[in-house]
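Quick mapping for you: the protein sequence lines, in order, are chains A and G.
The numbers in this note's numbering rise by one with no breaks, and the one at position 442 of the first sequence is 933.
The numbers in this note's numbering rise by one with no breaks, and the one at position 383 of the second sequence is 874.
Think of the hints as simulated: they come from the structure by calculation, not from any bench.
All figures in this text were calculated on a predicted structure; none of them were measured in a lab.
Just to be clear, a hint being listed does not mean it is correct.
All copies of an identical chain are treated as equivalent in the list; a pair is satisfied when it fits inside any one copy or across any two copies.
Restricting the straight-line Cα-Cα distance to at most 30 Å, the calculated cross-link-like pairs of lysine-lysine (BS3-like) are [what the hints assert, rightly or not]:
no., residue 1, residue 2
1, K891, K524
2, K852, K797
3, K883, K546
4, K546, K869
What follows is each chain in one-letter form.
Protein chains: 2
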Amino acid sequence: MPQYPESPLMGQMMSQPLLISNIIRHADRYYGKSEIVSRRVEGDIHRYTYTDCHKRSRQLAKALANMGIKMGDRVASIAWNGYRHLEAYYAVSGSGAVLHTINPRLFPEQIAYMVNHAEDQYVLFDMNFLPIIEAIAPHCSTVKGFVMLCGREHMPAASKLDNLLCYEELIAASSDDYEWPQFDENSASSLCYTSGTTGHPKGALYSHRSTLLHSYASAMPDGLNVSARDTVLPVVPMFHVNAWGLPYSVPLVGAKMVFPGPAMDGKSLYELFEQEQVTFSAGVPTIWMGLLTYVAQNNLTFSSFKRTVIGGSACPPSMMKTLRHQYGIEVVHAWGMTEMSPLGTACTLSVRQAALPEDAKQAILEKQGHVIFGVDMKIVGDDGRELPWDGKTYGNLLVKGPWVISSYFKDEGGDVLEDGWFPTGDVATIDADGYMQITDRSKDVIKSGGEWISTIELENIAMSHPAVQQAACIGVLHPKWDERPLLVVVKKPGAEVSKEELIQFYDGKIAKWWTPDDIAFVEALPIGATGKILKNKMREQFKDHKLPIA
Amino acid sequence: MPQYPESPLMGQMMSQPLLISNIIRHADRYYGKSEIVSRRVEGDIHRYTYTDCHKRSRQLAKALANMGIKMGDRVASIAWNGYRHLEAYYAVSGSGAVLHTINPRLFPEQIAYMVNHAEDQYVLFDMNFLPIIEAIAPHCSTVKGFVMLCGREHMPAASKLDNLLCYEELIAASSDDYEWPQFDENSASSLCYTSGTTGHPKGALYSHRSTLLHSYASAMPDGLNVSARDTVLPVVPMFHVNAWGLPYSVPLVGAKMVFPGPAMDGKSLYELFEQEQVTFSAGVPTIWMGLLTYVAQNNLTFSSFKRTVIGGSACPPSMMKTLRHQYGIEVVHAWGMTEMSPLGTACTLSVRQAALPEDAKQAILEKQGHVIFGVDMKIVGDDGRELPWDGKTYGNLLVKGPWVISSYFKDEGGDVLEDGWFPTGDVATIDADGYMQITDRSKDVIKSGGEWISTIELENIAMSHPAVQQAACIGVLHPKWDERPLLVVVKKPGAEVSKEELIQFYDGKIAKWWTPDDIAFVEALPIGATGKILKNKMREQFKDHKLPIA
Chain A
492 MPQYPESPLM GQMMSQPLLI SNIIRHADRY YGKSEIVSRR VEGDIHRYTY
542 TDCHKRSRQL AKALANMGIK MGDRVASIAW NGYRHLEAYY AVSGSGAVLH
592 TINPRLFPEQ IAYMVNHAED QYVLFDMNFL PIIEAIAPHC STVKGFVMLC
642 GREHMPAASK LDNLLCYEEL IAASSDDYEW PQFDENSASS LCYTSGTTGH
692 PKGALYSHRS TLLHSYASAM PDGLNVSARD TVLPVVPMFH VNAWGLPYSV
742 PLVGAKMVFP GPAMDGKSLY ELFEQEQVTF SAGVPTIWMG LLTYVAQNNL
792 TFSSFKRTVI GGSACPPSMM KTLRHQYGIE VVHAWGMTEM SPLGTACTLS
842 VRQAALPEDA KQAILEKQGH VIFGVDMKIV GDDGRELPWD GKTYGNLLVK
892 GPWVISSYFK DEGGDVLEDG WFPTGDVATI DADGYMQITD RSKDVIKSGG
942 EWISTIELEN IAMSHPAVQQ AACIGVLHPK WDERPLLVVV KKPGAEVSKE
992 ELIQFYDGKI AKWWTPDDIA FVEALPIGAT GKILKNKMRE QFKDHKLPIA
Chain G
492 MPQYPESPLM GQMMSQPLLI SNIIRHADRY YGKSEIVSRR VEGDIHRYTY
542 TDCHKRSRQL AKALANMGIK MGDRVASIAW NGYRHLEAYY AVSGSGAVLH
592 TINPRLFPEQ IAYMVNHAED QYVLFDMNFL PIIEAIAPHC STVKGFVMLC
642 GREHMPAASK LDNLLCYEEL IAASSDDYEW PQFDENSASS LCYTSGTTGH
692 PKGALYSHRS TLLHSYASAM PDGLNVSARD TVLPVVPMFH VNAWGLPYSV
742 PLVGAKMVFP GPAMDGKSLY ELFEQEQVTF SAGVPTIWMG LLTYVAQNNL
792 TFSSFKRTVI GGSACPPSMM KTLRHQYGIE VVHAWGMTEM SPLGTACTLS
842 VRQAALPEDA KQAILEKQGH VIFGVDMKIV GDDGRELPWD GKTYGNLLVK
892 GPWVISSYFK DEGGDVLEDG WFPTGDVATI DADGYMQITD RSKDVIKSGG
942 EWISTIELEN IAMSHPAVQQ AACIGVLHPK WDERPLLVVV KKPGAEVSKE
992 ELIQFYDGKI AKWWTPDDIA FVEALPIGAT GKILKNKMRE QFKDHKLPIA
C-alpha cells in the first residue's frame, strides 16, 4: 500500500487492525443470544445464535488450517444465503484466507474459469449445486476438495467426485479452541468476480480494512440504517458482492438475521417475513415484484416490515409508491457495484428535503442518492473535464474511496483508474444538493449532435405504454447527428400499437429532440446469463438499420 | 505504530488515509447548503452553511501556515460551542497541526500548565475569556500569539497583551486557495487533558484514524444515531473531549448543526431548540435539569426534540422517565471518557429487549449499555482475573479499541495499559446480554470482607429521601470487615431526619449488609473545580471516624 508522510507528532491511540474476525467476536460477546434463522436447502428452518455461529466459525477455521489452508489462500463458496455460508464468511476471512464467492447462476464454464483463475483450494457448496460441481470438477486443477454444506445423511451414496467432503463432519471433527490471528488490515479478505458482458470475468479483491470501513459506513442511518432492534432478511445473495455487506453489518450491530436460502418466491419470503417479524430487507426490484404480487393476490399485509433498500437496478416509481403508500414501507434506493464493495450511494432525505411536498420528495427518492461518507464521486465529459452539478448535465460517473478497487485481481484489465478515480461505466447527473441519478450505462448512452440521450429514460416511457411488454433503446448511425435513438419493442401478447402511436406517446414527456427516430417491433430481446438485456448484441443486429430521415 | 504481519495476498482496494479534512470537504460537497446556526458570544444568532464553513476553514488553515504552524504543532482553543470553534477544529487538524482544546472553567494555573506542557504556539479564544488569557499570558512561554475569536469591532481598545490578534482579520487576509494535505492517518489530530483529582492533568492525544473511526462508529443507529434529517444541538462543550465527537459526526452525515454558545440556561436552550427545530441533543444531566425546570415552570412542550444522549454522569431515573413519558423524548445513556475519544457504550435495546414490559425496559435503559463496535470491555477483580457477566458481580472495568489511548501525551503516567487494556478507573457490572452498568469509581468502592459495595447505589437511595439534599458515601476502616460504609449527608434547608431514620430507610431497598454503618451530618461536601465531590478529601476528613461496632 502507498505510504503517506507521518507527522512529527503521531497520535497515542491503541493500534488495532480492522479485522473481519472482530465482527463475529463482538456479536458473540455482546449480542450472543441474538438469533440467526435460516431456511435451509434441506427445506426446514434452522435457528441458532451468534454465540453458536462464532463457535462453529472457529471450528471451521481450525478445520481449514488442518486441511492446509494458509493466509492468502483462496477458498470458494457456491451457496445460498444461510448460516453455513455465514460461518464460511468468518472462518475463511477471519483465519487470513480469502473467501471467493461464486454466483451459481453463471455457466459452468464461467465458474470453472473463475475457480482456476482464483486458484481456489477448496470449494464449499450447497447440496443442490452438486450437479454444477460434478460438471466443473474435472476442469478445476487447483481444487483439493469439494465440501458439501450438509450433514452425512444428505451426502450422495455415490459420486463422480473422489474428493468430496462433508461439511458437518469437518465441523464435528474440529474443536473451537482457535484464536483469530491478528494481521495487517490491508490483507485480502474476499474475492468477487464481475461478469462483464465482454471478456473474461475480473475479480474485485477486498481487504479487511475496506470491508470494515464499508460495514461502519453502510450501517449508518443514511446508509442501510441497521440497528440492534432490527430483524434483517438479506434477499440479495451472499454470492453477489457479499450481499451488500449485510453478513458483516448485521452481526456488527447485533441485529437478528434471517436467511431465505434458495426460496425467494413471494410466498416463501412472505411467510418468513411474518414468522420471524422481519423489519428490514434488501434486494433487487424483481424480488419485491414477486413478493408484492403474492401479497396483493392474497389480500395480505405486513405486520413488521418497515424498511427496504433497493439496488441492483432502479426501482420502478410505481413499485416505490406502492411500498411507501400502500404498505407504509420506507424505500431507500441504493447504488453501487462489485468494484465498490458495493455501496456507493443511498437515497435518503436531509433536513431541507424532508420538508418538501410529497411529489418533490418522491422525485428525490427516485434518484440513487448521496454518497456514503468515505466515497467521493464526480461526473466528467468524454474529455475528462468535471461537469456541473445541476441535475441535468449527464456525465461519466467516477468514484473513489477506501472500499473502491484500485485494480482487479492479478491486474486483469491493467490500469483501470483514471487519475486516481474509478470509472464506473455509468452515466449520471448530480443535482445541486449532491443527489446522483444514474441515467445510462456509458456504452449505451446515445450521442446525438454532441448531446447525450438517456436510453433508460426512453425505455421507461415506452414501458409505461399499456401495449408494451419490453423495450430497449440503442443508438444507430445517423448521417447528420452521428447517432439517433432506435427503440426496439416487444408487444404484450395480443396487444397492438403502431410505430406512429408510440412515437406520439413521447409528446410532452420528454424534450422533442430526444424522441426515438424509429421503432422496431421484435418477438424477443437478447438476454444474457444474468438476466440483463445484451445491448451490444442489439447494436450488432441493428447496425445496418436505416432511420427514416426527415 | 506496531506493525502486523501482511498476508501473502494483499487486498487491491484504494489506499486512502482517514483524515479529518475529508469530513468537512464531504459536508461541503454533498450537504453544502445545510446550515450551521450559532448563538454567539456577541449575543446574536449567526447562520451559515457547510460550504461557508469549509471555505473559512481553508482560509484559517492558510493563515496558520502563514503564521508558521507546521505539521504536529499545537494550537489551543478556549472557546464555547460555535462556528468559529468548528472552523478551528477543521483548519488546525486538517492542516496536520494539533488542536488542543482547553476547558475555560479550570483554574488559570491549570490552564497555564497545560498550555506550557502542550507547547501551544497559538491560543484561539472567545472574547469573554480575555481576562483568563491576560492572567495566563505571562506564564505561557511557547505562545507566539493569542487570537481573539471576533471581529475588529469587538477587539479591546487597549490590552496588556502585546501579541493579541483578531480572528476575523486573519480570515479576511487569507484566501481559500488551500488544498488539504494528505498524510498518515495515525498522525496526531487533537489533544485534550483530563483533570484528574490528583496530580497534573494528563493529555489524550487523538489521531485522525481514531477520530474518523470514532465518528463512523458513534453515528451508527445504536450510537448517537445521527442522520441527515437531524438538527443537532451539542450542549456538551467542544472543549470537553471534542463534544463527544459531534463536531465530526454531524458534518459527516450532513445534519444541520446548532451551537448554543455560552447560553446554556433553560430559557436560552429552549428558545434555540424551538426556533431551529432541534431534533437531537447531547449533554450532561444537569443541563437537562435546567431545561426541564424551565419547560415545566412555563407549561411548555417540545415541538421537534426527539432524542437525547446523556452522559458524563448517570441520568437520574426520574429525569429519564420524565423525558421519555412526559415529553416523548428518547433517552440514550452513554458512557465514555477523555481517554476513549470519548464514546465507549450507549444504551439501546436489541430485538429481544424491545419486546420486554416497560419496567424491564426502563431498568435496562438506566444502564450504560453496549459497547459501540470497535471497543471491547471486560471486568476484572483486583487480581486481574476476568469476572462473570451476571449483572451482579462488580469488577474493575477495562477497555480497548482503536479510539482508546495507549499512553498519555509525553508519556505522563508511564505505562498505563494492563496487558493491552486501558483501566478506566470505574467499577462496573456486565449482564448476560452484554449491558454494562457503572457502579462506582475504583478508588471509591468500599471493600467489606472481600465483597464490594457500590457507594453510588447507597448515595442514590439516600438522595431519594425527602430530607436529603446531598449525600456521599465513603469507606472507613473497620477492625473486622476492613472497610464499612459511612454516609455523609447534607440536609435540605429546614428539613429534619435522624441517623436512625435514614438507616432504616435502606430496609428492603438493598442487601442488609450493604446498609451504611453510620451517618454523619455536615453543612457542605467538599467540591472540586469541575463540580465533582472530592471523596479523597472526605476520606482524609473522616479517616479517624469511629464506627459504632455492633
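| request: Measure nothing new, just compare the shortest in-copy and cross-copy C-alpha distances for K883 and K546 to 30 Å and report within, between, both or neither. | output: between (53 Å within a copy, 26 Å between copies)
| message | Treating 30 Å as the Cα threshold, decide for K891 and K524: within, between, both or neither. | response | between (38 Å within a copy, 23 Å between copies)
| Checking K546 and K869: alpha-carbon separation at most 30 Å within a copy, between copies, both or neither? | Result: close only across copies, 20 Å inter versus 44 Å intra.
| message | At most 30 Å between CA atoms: does that hold for K852 and K797 within a copy, between copies, both, or neither? | response | Answer is both: 18 Å inside a copy and 22 Å across each meet the 30 Å cutoff.
The structure fails none of the hints (numbered hints given earlier).
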